[in-house]
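Asker: Below are the chains, spelled out letter by letter.
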Amino acid sequence: MITRNNISDFIDKIPPSPKILQETIRYLNNGDLNKAAKTATEDPALSAFLKNLVNKPLYGFKQEVSDISQIFGILGLSGSQQSVYNYMLTLLSPKKWNLFHLNEISFDELQAVFSIQWQHILEHLKIVDKDIESSITLLPASIIVSEALFSKSKEDVELLRSVHDLNYNTILQRLCDTTLFDICVEISLKWDMPQVIPDIVRCASGINPSKEKDINKLGKWMHLLLFYELSQPLFVEAGLNDFIEFNIDYVEDIYEEFLEVMGVQ
Amino acid sequence: MRAIVKNGIGVFTPQGFLDGNNASSFLNLEDIEATINLNVDIILVSLRKVVFFNKNGLDIFVKLFTKVRQKNSTTVGFCDYDKKKFVAINKFYAGELAFSLFKSLEIASLFSTSFKNQQKNILLYSEDKSQRTAMAIELHDYGHNPVVAISEEDFDKKSLNNSAYDYVIDYTYLGQMGEKIATRVTGNAIIYTISAFLDAEIGNTFNIAYHNNSLNVGFRLFIFDAYKVVSMNIHAFNFFSKLSTSAAEYNATIAFVGLESTKIPESFIENMEDSGIIFYDQMDDILLNKELLKELGASSAANIKHKRVIDKDMVMKLPDFIDATVATIEMMTNSKAIKEAVEVSKIEINEHEGRIASSIGFYGDIDGMVILVFPSKIAKKACELLIGESTDDVELILDTLAELVNIVGGKIKSLLLDHNINVNITLPRTYHNVSDLLEVVESKKGVQVNLAFDDDKFLFFLTK
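Protein chains in written order, with our numbering: chain A, 1 to 265; chain B, 1 to 464.
Treat each hint with caution, since some may be false.
From the structure, some residues in chain A lie toward chain B, with a derived Cβ separation under 10 Å [to be verified]:
| # | residue |
| --- | --- |
| 1 | S47 |
| 2 | F49 |
| 3 | V128 |
| 4 | E155 |
| 5 | E158 |
| 6 | L159 |
| 7 | D165 |
| 8 | I171 |
| 9 | L230 |
| 10 | F235 |
| 11 | E245 |
In short, the hints are calculated from the structure, not lab data.
Note that beta-carbon positions come from the ideal geometry of N, C-alpha and C, so glycine has one too.
Pulled out of the complex, with its shape left as it was, chain B reads as follows:
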């Protein structure tokens, strides 16, 4: 079974009946490992469409969870259940719950470092006092405002005030949480969350390939959310210094937020500042300051030290890239595409009004970036298949567009594999308008293909 991956959470959704005979048919270690490779920080099995389960069935999943945790330190567990199912699972594993239980996927996403919407007012309750505290601390760390109900009566009373809370959490249990360095994208900045004591292990838990590729794709601001860092040793210090030096080659900025100066030696701070790392007290000091963001590069043009140009290898594979893109958009819109013009040049967009864009990078045997510029009309039509209805909600369209570009990336990956070319794809990036896109790619040379879907013009641009 394949997982659906969104916001850093991989979810498997079996349907029907779950017991010792069939659970291993639904999910095996390979399925989970394939999902982990997609950079998730939580893996869950949804019980939303499971009408019956017994302990033998869950045991098979729990054994898989244990293996995954031991190997990858990913948060694992179940989600989407009612009170009856929650009570049953607690009864099955009384006192031995090593996995997490999230009443809904929405609640799980509050505990994901990839969750974009922070500062939510959250009412929470658990019979277990230590669980209430653990959840409150986690939520607070993720930038939310938790309100803890101290008894069931208190919870019922507070729950009546619907408008006071964005989310209400009950029937939820936090097992061992993930220890991976989680990554999320906020606007044009990438935020890594680090915690506890940092030592040489940071070299293993930090995804350097992802980071390097983000630089290639055009990200220029990398923020380390360090509120939960207790201290660091010389190995971690060296790691960050090197990271900052390499970022400088791309004119990128590394920033630390929430790291108290008393927690690490003064000389570390001084040397890190010398290597270009900037320190801030609060995340909002950066994210809410548009001028500063611009200055730090989160909305500025890419100024890559080593400009990379499109080469012959890449051009040879162009038909694959175009086929993947055209096939996907055709599939999503049920309309035919006509290729109008192909040109090797800098990106040229004549019509800026009513257009949104998205990009996805790939790296491996060859690396580069595909950029798609959509008329809003096509984007909306393509997204209708995924969301099931027409919408004018720009954020929803951009989110769905990211999924669409992910499909394009997946298709490119599989087409290239047919030619024995192995690549991995990055997280997709979306742009509200053409100007935002041009800030990143205006200076890059690549192959531009103009396509027409019915009467709408659509632009494909392949660059390095």
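Next up, chain A with everything else stripped away, as it sits in the complex:
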């Protein structure tokens, strides 16, 4: 069904981040929003992505915001970095989804809710760190990897899952001794993402806790956030609820606090 060669092929085909994006990120890392905006303007697709993002109802602007400098100003350094990473991820996502009932709009929606809720959590945890804030952008890569690797074997996987409680991550681990999140780490390496990003996302798988207490704690919050969002009707119907296994025991100690932060009654 899936071999190590398929995985190597997939990793080989991950494009390096385009030069304009690298430049934009570099300026953002240096705290230069103006130069970052100027560079971002050179990429029409990135500009369109940013305009579309900031004009979503959740930002609440009455008039359309179309100037990239203004958009970066609104998003701030961290938000701008997250948006550029989110855009990079869309370059990896398929034009047509087959395994999951997703499309460009619903995937965009998923990225947006992850970013907003993660920000909410970090505010609660009183963490102000641009890279940690951006770590959430790598999480949906696990969904893209599942789609890329399993879409051709959709029927086989469905049959397999009809007789045994297996998720995509477990199948991959048993067949190839690697996980969806290991492949996410490869993506982050190709894109020169700061190390803390793959470290947190690997923990967010729920099966790879970190020895570093702070990273582990963030991994738990991200794991719970992942399943909070994947329990929303749109994503349950997209078939995402059980693409990996939810590890309740892993998040037990933060569960009550999470409910409070999310305002769950």
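Given chain A's structure and the hints, the job is docking chain B onto it.
Answerer: Relative to the frame of chain A, chain B by itself:
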């Protein structure tokens, strides 16, 4: 959402958060009906991976449960929860629990008629005295040895003695139990469980298509577990007489176990015996008597009155059958198959040592049976994907092999549907060794395909 079906129990496993907004996205009536069509006798929603739920969320499932019960009389409920969740559900539905609650799937399987391992020592406790009694009666009926703790202190004290009990049941509630005639396979015998007063309704609750196909697949002993039967009328009597007559055409035996002669008219017993039905007091009188089993046909060769041979229609579909099988084994072993030889003949197995086998029947627009003979090495490798580790436990390998053959059956079904051919598949059957298999299929003609997975020889046989 699709259910995982095992041992006659269909389980849905939502993950994360469950409320009034999303519960209907997890599960709908179509999902449940598709599961019921797989011949389950219990349908459960597992709360193992649910971190939060509220009443609005559960209400949606409970409404579905109610509809299903009204229509199919299947046992329905929730499983896999801790004390906190059990208390919450009881609080939500105080005094109105019409569904069942099983602390774990393992406990639920003790109440399933498809559960293979009987005679378990089970400690049980419920605060509700009537529940304690109901559970004890059910467990006893299913062949277990229940020990009832009469108080929490008594339960705590008895629980300390770990080695005395195979299972410990608490935080469990029996709602309305199923009324379907449940079916289980023990070795090469099929056991149907019947209960209460039997009347014309037996014609609706008994799955005659499944029974007929089991005959076609080669089962020769059918036991009616009748311990709980109160009595029967002339309609039920006629039903069993006809069933026995049709079984005789296949040289199959129908046996009744536990039916007290005082419960039904003497003339019924005499006439049923005349039609070939055999009566026994205890299930063990049959299942533990190897000689008798052999005599009754549970381990004997198939001797079908109307021998059916493979026809042109079936041969035309052969590529589909082979594709389904090869694709599944390739998927499970991550290795490539090479087709070595195709022959229309009686099954021919040169190497008997270190081989196990499995079969699955299909019926509908066309009917027949696929037999797979595995070298143990391939079987073990294929099963590793499902169980997650290497094992030498033969029973576990055979159980997992049955799941694998189920996947093959499902794939055949879907490939045939692409050609507008509708079939249903039977329960898979496994064989510890080649001799057991040959007893059933030795005389049958079919298409044999020899395949090689890496260096291991694997045999596919399609017959009617």
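Asker: Hint by hint, say whether it matches the structure.
Answerer: Verification of the supplied hints:
1. A cut of 10 Å between beta carbons decides the hint on A/S47: the least distance to chain B is about 35 Å, and the hint is violated.
2. Taking 10 Å as the C-beta cut-off, the interface hint given for A/F49 is violated, the closest approach to chain B being about 28 Å.
3. The beta carbon of A/V128 is not positioned within 10 Å of any beta carbon in chain B (closest approach about 28 Å), and the interface hint is therefore violated.
4. Interface hint status for A/E155: upheld, as the beta-carbon distance to the closest one in chain B is roughly 7 Å, under 10 Å.
5. About 7 Å separates the beta-carbon of A/E158 from the nearest beta-carbon of chain B, less than 10 Å, and the hint is met.
6. Interface restraint check: A/L159 against chain B, minimum CB-CB distance 5 Å, threshold 10 Å, status holds.
7. Hint status for A/D165: holds, given a least beta-carbon distance of 5 Å to chain B, under 10 Å.
8. Interface restraint check for A/I171: the shortest CB-CB distance to chain B comes to about 7 Å, inside 10 Å, so the restraint holds.
9. For A/L230, the shortest C-beta to C-beta distance to chain B is roughly 6 Å, which falls under 10 Å, so the interface hint holds.
10. A distance limit of 10 Å between C-beta atoms decides the matter here; for A/F235 the minimum to chain B is near 9 Å, and the interface restraint holds.
11. About 7 Å separates the beta-carbon of A/E245 from the nearest beta-carbon of chain B, less than 10 Å, and the hint is met.
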